[in-house]
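**Student:** Sequence:
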Amino acid sequence: MLTFEDVLAAQDRVAETARHTPLDYSHTFSAMTGADIHLKLELFQRTGSFKIRGATNRIATLSEEQRENGVVTASAGNHAQGVALAATRIGVDSTIVMPKHAPISKVKATRSYGGEVVLHGEDYDEAAEKAHEIEREEGRTYVHAFDDDYVMAGQGTIGLEIYEDLPSVETVVVPIGGGGLISGIATALKGKDEDIRVVGVQAEGASSVAESLEKGHRIERDGVETIADGIATRTVGERTFEVITERVDEVVTVSDSEIAVALTTLLERSKTLAEGAGAVALAAVTEETFDYADDETIVPALCGGNIDLNTLTNVIMRGLVETGRYLKIRTVLKDRPGALEELVQILSAQQINIYGIEHDRTNRDVAMNDAEVELDLETRGPDHVDQLLAALRENGYEVEVLV
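Numbering (full-length UniProt numbering) for the sequence shown: 1 to 403.
Any given hint could turn out to be false.
To be verified - Each computed DSBU-like pair below joins lysine-lysine, with the alpha-carbon atoms no more than 35 Å apart:
#1 LYS215 x LYS271
#2 LYS215 x LYS190
#3 LYS192 x LYS215
#4 LYS130 x LYS192
#5 LYS100 x LYS190
#6 LYS215 x LYS108
#7 LYS108 x LYS130
#8 LYS130 x LYS271
#9 LYS100 x LYS130
#10 LYS215 x LYS328
#11 LYS192 x LYS108
#12 LYS334 x LYS100
Just so you know, the hints here were simulated from the structure itself, not pulled from any lab data. Since we're looking at a predicted model, the values are computed, not measured.
Working from the sequences, and respecting the hints, build out all of it.
**Tutor:** Here it is, written out as structure tokens:
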């Protein structure tokens with residue numbers, strides 16, 4: 001099993017490439033939760049993710065023959081960039097297999113770091129099958145995204161940094177995909193202080209670790225479905241599951257809606273952009289998916305900031321909907337002059353901002369002397385939404401909430 005000494009040994013190798021990222025006290029999230037919240041801003045890492053640490057440590061330990069033959073890996077994006085950069089820095093050829101629908105920004109970034117990208121499969125697991133095929137055919141060394149002691153040890157250097165910057169830390173909250181990150185961090189922190197609690201977080205649509213712990217053995221999901229593509233794996237690794245079982249205190253899950261709210265709140269209040277996988281730890285804290293005391297010193301690890309702009313648009317919109325900041329409704333008006341103006345006056349009286357109006361006289365589901373109207377509205381929160389809907393219904397409008 002991975003040891004504390006393995007993590008310490010990785011520290012010097014990783015320091016050559018990876019940055020010591022900030023640990024930032026958050027007034028905003030401390031006030032929201034009642035805890036003492038410090039954000040580990042690993043999303044400011046080179047390549048935008050913690051993955052450069054493990055990739056650097058693994059590639060630094062290759063033999064001369066392995067370096068000459070090159071490396072291959074599979075990744076949804078962040079590990080891809082880490083391997084590409086780490087390999088390029090020491091002159092090793094790298095081939096990266098990514099799922100066909102990997103975010104465009106991550107594909108472009110991986111190529112810019114010098115990796116040859118092969119797009120294959122619907123998810124990480126299918127990409128990994130292709131990568132192992134290339135490994136066999138070309139004699140390359142496979143750099144596993146998580147189930148490798150060197151990779152885990154490299155990721156564990158985050159735990160050493162957290163303890164160095166905040167020895168009083170009581171709880172560290174860490175995202176889990178395949179388990180390499182939390183295995184390394186838990187090993188580092190428990191090596192420093194056994195009493196530090198380590199809480200793992202998964203997306204509900206990719207909760208293989210939570211389900212495996214519940215059943216007492218590793219399970220593989222039939223598929224994954226989450227906006228947190230960086231942790232969208234069907235199963236946890238063999239080595240990582242052993243470490244998690246031994247050293248992680250608790251594993252919880254969060255929904256995509258909760259992830260979206262955490263991401264948008266982080267962006268709006270802390271001016272910090274995380275990807276879905278990077279926001280799950282914060283979501284677990286703000287949604288109180290595990291118990292913690294008032295003033296408890298908690299570090300959510302924000303471990304990735306590589307979010308595709310199209311995905312970001314969708315996530316922000318989802319976050320606005322969940323927090324009552326955006327509302328889309330449908331209603332029916334009499335098809336006569338002034339009917340739309342009367343509706344708009346009610347909206348104005350409620351201080352509603354209108355993003356858009358779609359007016360349809362041709363819908364066969366409404367009477368011939370009626371018109372269907374859909375409105376995109378900016379609102380100020382759940383109470384404001386309730387006030388608006390009540391006002392509309394009091395004035396005789398039948399309202400259907402679309403989002």
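**Student:** Hints first: check each against the structure and report whether it holds.
**Tutor:** Against the structure, the hints:
no., hint, in the structure
1, LYS215 x LYS271, "40 Å, violated"
2, LYS215 x LYS190, "25 Å, holds"
3, LYS192 x LYS215, "30 Å, holds"
4, LYS130 x LYS192, "39 Å, violated"
5, LYS100 x LYS190, "38 Å, violated"
6, LYS215 x LYS108, "40 Å, violated"
7, LYS108 x LYS130, "20 Å, holds"
8, LYS130 x LYS271, "39 Å, violated"
9, LYS100 x LYS130, "12 Å, holds"
10, LYS215 x LYS328, "42 Å, violated"
11, LYS192 x LYS108, "39 Å, violated"
12, LYS334 x LYS100, "49 Å, violated"
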